[in-house]
Amino acid sequence: MERGASTAITATTTVTIKGVTASSTAGNITLTAYFPGGEGGEEVIAVNPQNFSVTGNQTPIVTGIDPSVWISGSTTSVTFSGQYFDTNSPTLAFSPSAGIGYTLSSYNDSQIVATVNVATGTPNEDVAVSVTNNGYGGSAFYPGASGASPASAPVNARVQSPLNTPEITVIGWINGQAPDIVATVSAGPTTPTLRTNLTGSSLTCLAHMLDWYSRISSNLLTPTDIAYANAWLLQQSANPAPPTTTITPAAQQSAGHFRVFNDFGSGRGFYQVGSTPSPCGGATASWYSPVGNTYPDSGPGVSGSGEIYQLAEGQVGSAGQKISQTINGRTVPWVWSVIEFNSSNAPTFSQVGMFPSYSVYNNGNFVVTYPQSTVASFVLNNNTYQLAPSQIP
Amino acid sequence: MPIGRNSKSIAVLSKAACLLMWLVPLAGTAYGQEDRAYPKPRPDKYAYAADPGNVPDAIAKVKSGDFLGVHVEMIAAARAVEAIPVLKDQFLRSQDSLDKAHIASALVRLGEKDDTYWEYLVTVATPGIDGEVPDLFSYDAQGKPALGAGPSPEMAAWAKSHNVSLERDPIEVMGSIVGPVKYLAMTGDPRAIPLLRRALLSPNYMIENQAALGLAEAQDVDSIPLIVMACKRAPAEAAGLIAVSLIYFDAAEAQSAAARYIAKDMAKMYREARAAGKTPFQ
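Note that the protein sequences, when read in sequence, are chains B and G. So for the first sequence, the working numbering puts the first residue at 1; every next one is plus one. So for the second sequence, the working numbering puts the first residue at 394; every next one is plus one.
By construction, these hints were calculated from the structure, which means they are not laboratory data. Glycine included, every Cβ here is placed at the ideal spot set by N, Cα and C. Some clues are possibly wrong.
As the list claims (entries may be wrong) - Between beta-carbon pairs, the in silico distance windows are: (1) G:G541 - B:V113: 53 to 59 angstroms; (2) G:P546 - B:S343: 37 to 43 angstroms; (3) G:E525 - B:V69: 52 to 58 angstroms; (4) G:G446 - B:A241: 53 to 59 angstroms; (5) B:A187 - G:A549: 38 to 44 angstroms; (6) B:P243 - G:K553: 22 to 28 angstroms; (7) B:V69 - G:D482: 55 to 61 angstroms.
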């Protein structure tokens, strides 16, 4: 019951009165409310004291932290579950606290959602988390005290650091010169006006994209037309091949020539879903390249086997999805890369989607390129072709 | 089938293009007929959406509520009037204005007389027709879009004033504006003619293009001079796009203007496609 509120009390009513202290006398219970700034008052409630217990300000209780493993060098949305968090911006405390910060996203009496940032370089360690409540409805607690409750009993989270690992970089890029793409584009469509419109001018191409965006399958009459449309679009929106020597990961990322970028290890963690260069002459115009759609569960985590990983996963943006759905008659599959470190800090990076191509670097040195599947086999999938964190071994 | 490059192969292909049209029922056919026969799907020969054998699957998907826009278009293209009740149901359920407009367009094309669908189409297309939406691009001295220059200053200002982000997905922005105009234009309904004539005055060439194609779909020969004027006002590359609509008119005035604004080889290809049965929105 909040200050100023009222409720009917019966023999079985449990009432929690917040923001007050209480004392009782025979036959009656006297509640004395203390308000910030010295305002006060009394109220007499005619109930039998045997049936009435008064609990004062409750100490918070933390019952759950999800996720409970945080990766150093990353930002994680964390949900804290429990009781008596109250409604006045509860306070989180961490011990040890070095390198760990937070911003409240939402909170109520039983749940706090906060963005927890763990600085790069924070070591592997258990972190005791406690919550202090700061009152209800804009009111703090008993004057003269801090206005806050005692801190909850601590519950542990864990910081995992890829600090002593190599820095692994995986660049997912579309190889427009893949043999199947080159052969399909070279063979051409069955329907001549398909090629005429796509290649005639940037405006005839855009108009055709808007047809497909609008669910009109113009000039797509045969399987050959479908194959040509897919191959042509990918060829025209392909990415330059990343170097097969050495890279500076940050420079590669800022150049933007990728569909998915995953960088993890040596105290760093960064991922990004790339944009799709417009096939209608947009390869040289970044503003004309729609941003891709990032899978919400992308980011760092701990696998079922206890290894730390970073998942980077995405798909083409909204308009591209509509265009692809018109061409292929199905939703759009995802692309992904997982970088994982075991307890000995040894990396694995071979868990990638079947498309596009993925080039891997260890401390900036080229390791391997996993070639992309054929376009034909990729577009047989739909948006259930996806990697969930629970599938990471 | 070998890949065709000549008019003979185009003619052969047009049979595939027109396969859906064999399903066209006689005018006034009552919907609700459950015993309509469709051929077996031929995935080896036809794309899914062009295969008349897949129309029952498209109807079933729309009925289930788990469908894509391409299924709606397959129903409309096949004149599958028995699907009108399920389209009406999905029109009521749809929360996406573009999907709703697409369904409304399909219902109008299927001959549904309830004005609800026509009126909805007009409502959602009006911002594109009368909204003075600028063109996405600036144009260079040769009349080509200056892609490297970013969006046109007019479009950038429009986007800002309408709280629209061009940075994230300019195609999405354009599609959401042009799409409803396209759905209106595709109906070929005479009621659309005055609206499409107004759309020919839009500063956005993608909207003008849809309007011109819609007037061609309606075979409104009185609009030919207006389409030619639109070509005359437009930069060269945009004029070439708008002029494609003129291919679908038999009038000499239309054909000569098409020859003036469309590159010769492209015009030849479009004419051959029309001769083989292609229509403005097919």
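Hint check results:
no.: 1; hint: G:G541 - B:V113: 53 to 59 angstroms; verdict: violated (43 angstroms)
no.: 2; hint: G:P546 - B:S343: 37 to 43 angstroms; verdict: violated (57 angstroms)
no.: 3; hint: G:E525 - B:V69: 52 to 58 angstroms; verdict: holds (54 angstroms)
no.: 4; hint: G:G446 - B:A241: 53 to 59 angstroms; verdict: violated (42 angstroms)
no.: 5; hint: B:A187 - G:A549: 38 to 44 angstroms; verdict: holds (41 angstroms)
no.: 6; hint: B:P243 - G:K553: 22 to 28 angstroms; verdict: violated (39 angstroms)
no.: 7; hint: B:V69 - G:D482: 55 to 61 angstroms; verdict: violated (47 angstroms)
In terms of the numbered hints stated before, the structure departs from hints 1, 2, 4, 6, 7, listed from lowest to highest.
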